[in-house]
Amino acid sequence: MKLNRRSALKALAIGGATVAGVKAAKASNGHPPNEKLVAMLYDTTLCIGCKACVVACSEANGLAPDSQESHGMYQMPRYLNDKTKNIIKLYSDPKTGLRSFVKAQCMHCIDPACVAGCPMAALRKDEKGVVYWDGTTCIGCRYCQIACPFNIPKFEWNKVNPKIVKCEFCNHRLAQGKIPACCEVCPRKAVIYGTRDEMLKEARKRIGANPGRYFQDHVYGEFEAGGTQVLYLTHLDPKLLGHLVPLDDESLPARVEGVQNTLYMGFLTPVIAYGAVASILAKRWKEHEKEVEEHEKETGLKEQL
Numbered sequence: 094m095k096l097n098r099r100s101a102l103k104a105l106a107i108g109g110a111t112v113a114g115v116k117a118a119k120a121s122n123g124h125p126p127n128e129k130l131v132a133m134l135y136d137t138t139l140c141i142g143c144k145a146c147v148v149a150c151s152e153a154n155g156l157a158p159d160s161q162e163s164h165g166m167y168q169m170p171r172y173l174n175d176k177t178k179n180i181i182k183l184y185s186d187p188k189t190g191l192r193s194f195v196k197a198q199c200m201h202c203i204d205p206a207c208v209a210g211c212p213m214a215a216l217r218k219d220e221k222g223v224v225y226w227d228g229t230t231c232i233g234c235r236y237c238q239i240a241c242p243f244n245i246p247k248f249e250w251n252k253v254n255p256k257i258v259k260c261e262f263c264n265h266r267l268a269q270g271k272i273p274a275c276c277e278v279c280p281r282k283a284v285i286y287g288t289r290d291e292m293l294k295e296a297r298k299r300i301g302a303n304p305g306r307y308f309q310d311h312v313y314g315e316f317e318a319g320g321t322q323v324l325y326l327t328h329l330d331p332k333l334l335g336h337l338v339p340l341d342d343e344s345l346p347a348r349v350e351g352v353q354n355t356l357y358m359g360f361l362t363p364v365i366a367y368g369a370v371a372s373i374l375a376k377r378w379k380e381h382e383k384e385v386e387e388h389e390k391e392t393g394l395k396e397q398l
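First residue of the sequence shown? That's 94 in my numbering, and the numbers climb one at a time after it.
Bear in mind the hints are in silico, worked out from the structure with no lab data behind them. Heads up, a few of these hints could be off.
Calculated lysine-lysine pairs in the DSS-like style (CA-CA distance at most 25 Å, straight line) [claimed, not checked]:
id : residue 1 : residue 2
1  : 298       : 332
2  : 144       : 247
3  : 221       : 188
4  : 294       : 271
5  : 332       : 247
6  : 221       : 129
7  : 144       : 182
8  : 282       : 182
9  : 176       : 294
10 : 182       : 332
11 : 188       : 332
12 : 271       : 221
13 : 294       : 188
14 : 221       : 282
15 : 176       : 247
16 : 298       : 176
17 : 188       : 256
Beta-carbon label-pair distances, calculated as ranges [unchecked claim]:
id : residue 1 : residue 2 : range
18 : 316       : 138       : 15 to 25 Å
19 : 217       : 189       : 40 to 50 Å
20 : 192       : 309       : 11 to 21 Å
Glycine included, each C-beta is placed from N, C-alpha and C at the ideal position.
Assemble the whole structure, with the sequences as input and the hints as a guide.
The following block contains the structure:
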């Protein structure tokens, strides 16, 4: 499997630029209608950091507990990884006294960069807008990790047949008429589930009922990166809370498509553009090889200790 994937990646360095370009153009215009999109709303002012959602997510998705940090005693993930799709982190500034819990998982972008960036359509978006991974076509290139502006998808480094691991909205539970496990168990309803329209209405209702509680009366994810299906209300500036980075309203695939349309207008510069992209891919491939070798070496040392 490993050799096949590496061979495929090298082949993609030659022809992948064209494939990725075509997929990006399709992705930015093919997302589901807004009224069908499911969503979560997370409110930092209600979260007490109990991490019931982390445990429920692990159990619902059959994930092995990440107990490395606790030396095998209990589940204690440092951040999202191949065993953790959902996590609660604490922001604390001793100088200002500002504190906040924050929930991190896949943002399920309306126009996702991971879907547009995958050369083999291994990342897809279903009719509800859930971004999910299809292992039958994945070649392990990890372009989805590079493309994601929120740094969400994680890779199973220690598996012979590795997966890309990320929140998929408990898609198997949705098919059974249930809601995502994290939303079901939250004792404070800090994270709730519904359609995206319903979650936006609820967010505006909370803002209206609680003047001054939320940072600039802003719903993070309403417009960022073209809009996301995981929405946030927070009492702090979102940029302090890790993955909630400041982003433009335009999605990354739409921006890339605009550049491509300019480059290819009249078929004036395809050769130059293709050469530039191929050069970047070749450089990325070398970096990928080096990273894999360093990781294997590091893993080997750890196993010997």
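Against the structure, the hints come out as follows:
no.	hint	verdict
1	298 / 332	23 Å, holds
2	144 / 247	20 Å, holds
3	221 / 188	43 Å, violated
4	294 / 271	22 Å, holds
5	332 / 247	22 Å, holds
6	221 / 129	6 Å, holds
7	144 / 182	9 Å, holds
8	282 / 182	17 Å, holds
9	176 / 294	33 Å, violated
10	182 / 332	14 Å, holds
11	188 / 332	17 Å, holds
12	271 / 221	14 Å, holds
13	294 / 188	35 Å, violated
14	221 / 282	22 Å, holds
15	176 / 247	9 Å, holds
16	298 / 176	35 Å, violated
17	188 / 256	41 Å, violated
18	316 / 138: 15 to 25 Å	21 Å, holds
19	217 / 189: 40 to 50 Å	42 Å, holds
20	192 / 309: 11 to 21 Å	19 Å, holds
This entry does not satisfy hints 3, 9, 13, 16, 17, going by the numbered hints stated previously.
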